[in-house]
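K.L.:
Model the full assembly from the supplied sequences, consistent with the hints where possible.
Residue numbering for the sequence shown follows the working numbering, beginning at -18 and increasing consecutively.
Think of the hints as simulated: they come from the structure by calculation, not from any bench.
Careful, some of the hints might be misleading.
Label-pair ranges, simulated between beta-carbon atoms [to be verified]: (1) A31 - R200: 46 to 56 Å; (2) A143 - R200: 36 to 46 Å; (3) T2 - F221: 15 to 25 Å; (4) R41 - P228: 47 to 57 Å; (5) G147 - T2: 27 to 37 Å; (6) V39 - G147: 42 to 52 Å; (7) P228 - A143: 21 to 31 Å; (8) A143 - A63: 21 to 31 Å; (9) N211 - W74: 23 to 33 Å; (10) G184 - K113: 18 to 28 Å; (11) E193 - R152: 11 to 21 Å; (12) N79 - K113: 49 to 59 Å; (13) P202 - E71: 34 to 44 Å.
List of simulated lysine to aspartate or glutamate pairs, DMTMM-like, C-alpha gap at most 20 Å [as the list claims (entries may be wrong)]: (14) K113 - D90; (15) K113 - D45; (16) K113 - E183.
Note that the Cβ used here is the ideal one computed from N, Cα and C, for glycine as well.
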Amino acid sequence: MDDLDRTWLYGVHAVRNALATAPGRVRRIWIVQGRRRAGATAELLDEARAANVRVETVDRRALDRVAPGVHQGVAAQCDVIAPVTEAEFERRWQEFANPFVLVLEGVLDPRNLGACLRTAEAAGVDAVLLPKRRSAPLTGTVAKAASGALDRLLIVSVTNLARRLGWLADRGVWLVGGDPAAETELFGFDVPASVAVVLGGEGTGLRRLTRERCDTLVRIPMAGEVSSLNVSVAAALMLFEVARSRP
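P.N.:
Below you can see the structure in the form of structure tokens.
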């Protein structure tokens, strides 16, 4: 495996999450010269030794090149997380007694995608469906925003989203789409046990064909002048309301 098959995670919390949930993916850890090796950093180093992961000391310029965000002086090179195939998703379908699915269409900002995945894991989602062509790739930026959720979620790469939504509907999954123009409000509508929350990307929302596949379209009631919410905020509200309301 070469470097094209790897990505960098950065920040103490993100690296510790990787060591805790998927130590086999972590190939090496870089720590900036002069970083105080106490507290959370000391614990990270202990966890790296326990996982037999090599730790290297580098200068800040090297770390800045591979970790363009707020890296806290720590980064880890990891094998890229690849979404599972639709065939694998179908094979595992019987694992879910009452499936709870999140479908994200056209979320192109990696931080938004990571935040959505973090919320999905926290809300107890069984699987997240991402379109193959219209989604941010699962990079280190996504992983940092997801805060460990990438290694705990079943993430599925979907070739034809409308067809896959039809497949879900055929199996009794109720498709609930988020649409600011919908007549039905999010809070208080009847939620079945098997449900998929379907959300569109930043500024574009759901495509027409995707909206038509949904059984219900709901909106988040807005009291202020702002007409819509960031997709990660909308995902949090919808997922936890659906999780609370499911029988």
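K.L.:
For the hint 18 to 28 Å, verify it against the beta carbon of G184 and that of K113.
P.N.:
21 Å, holds
K.L.:
Does the Cβ distance between P202 and E71 fall inside 34 to 44 Å?
P.N.:
At 37 Å between Cβs, range holds.
K.L.:
Given the hint that K113 pairs with D45, does the C-alpha gap stay at or below 20 Å?
P.N.:
It is violated: about 30 Å lies between the C-alpha atoms, which goes past 20 Å.
K.L.:
Starting from the range 21 to 31 Å, see whether the pair A143 and A63 falls in it by beta-carbon distance.
P.N.:
23 Å, holds
K.L.:
Is it true that R41 and P228 lie within 47 to 57 Å of each other by Cβ?
P.N.:
54 Å, holds
K.L.:
Does the Cβ pair G147, T2 satisfy 27 to 37 Å?
P.N.:
33 Å, holds
K.L.:
Has the hinted range 42 to 52 Å been met by the Cβ atoms of V39 and G147?
P.N.:
The hinted range 42 to 52 Å holds for V39 and G147, with Cβ atoms some 50 Å apart.
K.L.:
Could you tell me whether the CB distance from N211 to W74 stays inside 23 to 33 Å?
P.N.:
31 Å Cβ-Cβ, so the 23 to 33 Å window holds.
K.L.:
Is K113 within 20 Å of E183, Cα to Cα?
P.N.:
17 Å, holds
K.L.:
Starting from the hint 15 to 25 Å, judge whether the C-beta atoms of T2 and F221 obey it.
P.N.:
22 Å, holds
K.L.:
Within a Cα-Cα threshold of 20 Å, do K113 and D90 meet the stated pairing?
P.N.:
Holds, at about 15 Å.
K.L.:
In this structure, is the beta-carbon distance linking E193 and R152 contained in 11 to 21 Å?
P.N.:
Holds: the Cβ-Cβ distance is about 19 Å, inside 11 to 21 Å.
Figure legend: structure checked against the earlier numbered hints; hints not met, in rising order: 2, 12, 15.
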